[in-house]
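S.K.: Read off the chains here:
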Amino acid sequence: MSRFEESAPAKGGFSFDLCKRNEMLVQKGLKPSSYLKTGTTIVGLVFQDGVILGADTRATEGPIVADKNCEKIHYMAPNIYCCGAGTAADTEAVTDMVSSQLKLHRFHTGRESRVVTALTLLKSHLFSYQGHVSAALVLGGVDVTGPHLHTIYPHGSTDTLPFATMGSGSLAAMAIFESKYREGLTRDEGVKLVAEAISSGIFNDLGSGSNVDVCVITKGKREYLRNYMLPNPRTYVSQKGYSFSKKTEVLMTKITPLRELVEVIEGGDAMEE
Amino acid sequence: MGDSQYSFSLTTFSPSGKLVQIEHALTAVGSGQTSLGIKASNGVVIATEKKLPSILVDEASVQKIQTLTPNIGVVYSGMGPDSRVLVRKSRKQAEQYYRLYKEPIPVTQLVRETATVMQEFTQSGGVRPFGVSLLVAGYDDKGPQLYQVDPSGSYFSWKASAMGKNVSNAKSFLEKRYTEEMELDDAVHTAILTLKEGFEGQISGKNIEIGVIGNDRIFKVLSPSEVEDYLQEAE
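Order-wise, the sequence lines are chains A and B. This note's numbering numbers the first residue of the first sequence as 201 and each following residue consecutively. This note's numbering numbers the first residue of the second sequence as 102 and each following residue consecutively.
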């Protein structure tokens with residue numbers, strides 16, 4: 201009801217007002233700011249009791265590893281998790297936003313969230329930004345209609361698959377899945393396969409690395425196995441530790457106050473306002 | 102809402118300095134079904150009558166006590182549809198607060214924002230005040246809390262309060278029965294006895310609703326069978 205709502209675009213959808221200005225700036229030589237990409241391996245598969253998601257934990261900024269142990273499996277709902285590849289800020293923001301919308305929806309309907317709800321909210325958001333929100337997602341969960349696994353591309357298209365991989369390490373991981381996946385895997389077999397696929401991405405793709413995170417979602421239960429495997433430990437840690445010897449001797453210490461101390465007298469005349 | 106021809110407020114001052122529309126809204130609240138809340142030392146209980154217009158109404162489908170966040174619940178007296186709008190707005194505000202600060206909204210903040218919404222409807226163009234008073238029960242880092250929010254937008258923190266029909270009897274009953282050291286179970290029994298005071302007909306688990314929040318900080322609406330258990334204990 202407040203007047204502040206009038207400033208939002210009345211017709212909804214993306215506002216293209218600034219695109220012309222951005223084009224002009226690029227022509228004049230402005231380099232767009234660089235962002236943190238997650239060159240990544242993310243995977244998901246459906247097993248007999250539900251869904252297993254897996255991800256590596258390396259976040260890169262060009263050729264540099266920015267975060268050696270970041271979390272790429274995001275919470276969407278108690279029964280739905282989402283792995284994100286692409287621009288780290290985009291995947292975080294979009295999954296956070298949809299998670300929030302799902303929570304409100306749960307309050308209003310009094311029901312558990314469905315995977316297709318999360319899917320539709322994500323894909324319509326990504327589509328309306330025409331691929332500029334660079335988030336490639338593997339969405340998995342178990343709801344009343346059963347276990348579901350989907351992939352979502354930055355432009356807003358989706359696939360529904362029994363096993364899926366995304367990110368720069370997707371080819372390495374897909375090779376593992378294509379040769380070893382079968383229907384009706386048990387939990388342990390499924391976790392082992394997912395860990396293998398992620399490891400394949402970690403060791404064969406430069407954009408992926410560090411550790412393996414796994415999330416197992418079944419009806420009524422989910423296990424978030426953070427750092428399920430640590431295949432890249434820091435093997436050599438110096439026993440001597442680090443010490444920096446003092447090069448300069450301290451001869452004398454003298455403290456000179458820059459200002460006279462002010463004495464505070466309680467109960468004096470109150471300041472006039 | 103801003104530029105239409107009807108963007109003048111319908112709630113205007115009377116010569117005696119009162120906002121008559123708000124007085125009328127409070128009258129609407131006063132003729133609504135009784136609801137009450139009691140703050141115990143280790144939790145809060147809110148309760149209301151659930152008198153349905155006919156025995157044909159499916160009482161399981163009606164829920165007057167609603168959850169705003171996992172640790173905050175609300176009950177109303179007055180017009181049900183108005184309360185639905187407020188509940189929806191409050192839930193959204195709680196969620197927006199969480200999105201911005203990544204902290205579950207403190208009870209006072211949610212109450213303040215809901216009260217702000219109610220006040221806006223007394224000053225904006227073309228709208229009328231809400232015909233409900235809300236009792237908000239929550240448990241956060243400051244402990245158990247109970248707030249009442251009125252159609253004018255004013256809010257008060259209470260140790261125990263009642264609204265709706267029969268409010269004066271209920272409040273004097275609560276004044277006599279309330280103690281600071283009361284625990285949650287005692288508070289539930291006291292709430293039931295207070296409702297019984299003004300209840301027409303036979304009280305049962307199907308025509309009252311009780312919501313509790315304890316040290317676990319999870320707001321729960323009791324099922325009819327749980328209410329029956331408490332009713333039998335209170336006999």
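Hints are computed from structural coordinates only; laboratory data are not their basis. Even for Gly, the Cβ is constructed at its ideal location relative to N, Cα and C. Keep in mind that a hint or two might mislead.
[Claimed, not checked] With a straight-line Cα cutoff of 20 Å, these simulated SDA-like cross-link-like pairs (lysine to any residue) come out:
1. B:LYS203 / A:LYS228
2. B:LYS193 / A:THR435
3. B:LYS193 / A:LEU302
4. B:LYS321 / A:ARG311
5. A:LYS454 / A:VAL437
6. B:LYS193 / A:ASP217
7. B:LYS193 / A:CYS270
8. B:LYS203 / A:ARG311
9. B:LYS193 / A:LEU321
10. B:LYS190 / A:ASP217
11. B:LYS190 / A:LYS228
12. B:LYS193 / A:LYS228
13. B:LYS321 / A:LEU321
14. B:LYS321 / B:GLY302
15. B:LYS203 / A:ASP217
16. B:LYS266 / B:GLY302
17. B:LYS321 / A:ARG306
18. B:LYS193 / A:GLN301
[Claimed, not checked] Quick partial rundown of chain B residues pointing at chain A, CB under 8 Å, derived from the structure:
19. GLU196
20. ARG200
21. ARG229
[As the list claims (entries may be wrong)] Not close to chain B: a few residues of chain A, all C-beta gaps over 12 Å, as computed:
22. THR345
23. THR358
24. PRO362
25. PHE403
26. VAL462
S.K.: For each hint, tell me whether it holds in the structure or not.
M.R.: Going through the hints against the structure:
1. Of the supplied pair hints, the one linking LYS203 of chain B and LYS228 of chain A is violated, its CA atoms being roughly 39 Å apart against a limit of 20 Å.
2. A distance of roughly 49 Å separates the Cα atoms of LYS193 of chain B and THR435 of chain A; the hinted pair therefore is violated under the 20 Å criterion.
3. Between LYS193 of chain B and LEU302 of chain A, the direct Cα distance comes to roughly 11 Å. Compliance with the 20 Å bound is thereby established for this hinted pair.
4. Proposed proximity of LYS321 of chain B and ARG311 of chain A is supported: the alpha carbons are some 15 Å apart, at most 20 Å.
5. Our distance criterion of 20 Å between C-alpha atoms is broken by LYS454 of chain A and VAL437 of chain A, whose separation comes to about 41 Å.
6. At most 20 Å may separate the alpha-carbon atoms for a hinted pair to count; LYS193 of chain B and ASP217 of chain A exceed this at roughly 29 Å.
7. A distance of roughly 30 Å separates the Cα atoms of LYS193 of chain B and CYS270 of chain A; the hinted pair therefore is violated under the 20 Å criterion.
8. Between LYS203 of chain B and ARG311 of chain A the CA atoms are separated by roughly 24 Å; this puts the pair beyond 20 Å, and the hint is violated.
9. Restraint check for LYS193 of chain B and LEU321 of chain A: the C-alpha separation of about 17 Å stays at or below 20 Å, so the hint holds.
10. Using a Cα cut-off of 20 Å, the hinted pair LYS190 of chain B and ASP217 of chain A is violated, with the two alpha carbons roughly 30 Å apart.
11. The suggested pairing of LYS190 of chain B with LYS228 of chain A is violated, with an alpha-carbon distance near 46 Å, which exceeds 20 Å.
12. Restraint check: the Cα-Cα separation between LYS193 of chain B and LYS228 of chain A comes to about 43 Å, which exceeds 20 Å; the hinted pair is violated.
13. At most 20 Å may separate the alpha-carbon atoms for a hinted pair to count; LYS321 of chain B and LEU321 of chain A exceed this at roughly 29 Å.
14. A distance of roughly 26 Å separates the Cα atoms of LYS321 of chain B and GLY302 of chain B; the hinted pair therefore is violated under the 20 Å criterion.
15. A C-alpha spacing of about 31 Å is found between LYS203 of chain B and ASP217 of chain A, which places the hinted pair above 20 Å, so the restraint is violated.
16. Distance check on the hinted pair: LYS266 of chain B and GLY302 of chain B sit about 15 Å apart at the alpha-carbon level, within 20 Å; holds.
17. This hinted pair checks out: LYS321 of chain B and ARG306 of chain A have alpha carbons roughly 15 Å apart, not beyond 20 Å.
18. Restraint check: the Cα-Cα separation between LYS193 of chain B and GLN301 of chain A comes to about 9 Å, which is no more than 20 Å; the hinted pair holds.
19. At about 5 Å, the closest approach between the beta carbon of GLU196 of chain B and any beta carbon in chain A falls short of 8 Å, and the interface hint on this residue holds.
20. For ARG200 of chain B, the interface hint holds, the least distance from its beta-carbon to any beta-carbon of chain A being 5 Å, beneath 8 Å.
21. At its closest, the beta carbon of ARG229 of chain B sits 12 Å from a beta carbon of chain A; the interface hint therefore is violated under the 8 Å criterion.
22. At roughly 24 Å from the closest C-beta of chain B, the C-beta of THR345 of chain A stays outside 12 Å, upholding its exclusion from the interface.
23. Residue-level check passed: THR358 of chain A sits 25 Å from the nearest beta carbon of chain B, beyond 12 Å.
24. For PRO362 of chain A, the non-interface assignment is confirmed: its Cβ lies about 34 Å from the closest Cβ of chain B, beyond the 12 Å cut-off.
25. Every Cβ of chain B is farther than 12 Å from the Cβ of PHE403 of chain A; the closest lies at roughly 35 Å, confirming the non-interface assignment.
26. The beta carbon of VAL462 of chain A sits about 37 Å from the closest Cβ of chain B, which is more than 12 Å, so the claim that it is off the interface holds.
Violated hints, listed in ascending order, are 1, 2, 5, 6, 7, 8, 10, 11, 12, 13, 14, 15 and 21; each of the other numbered hints is respected by the structure.
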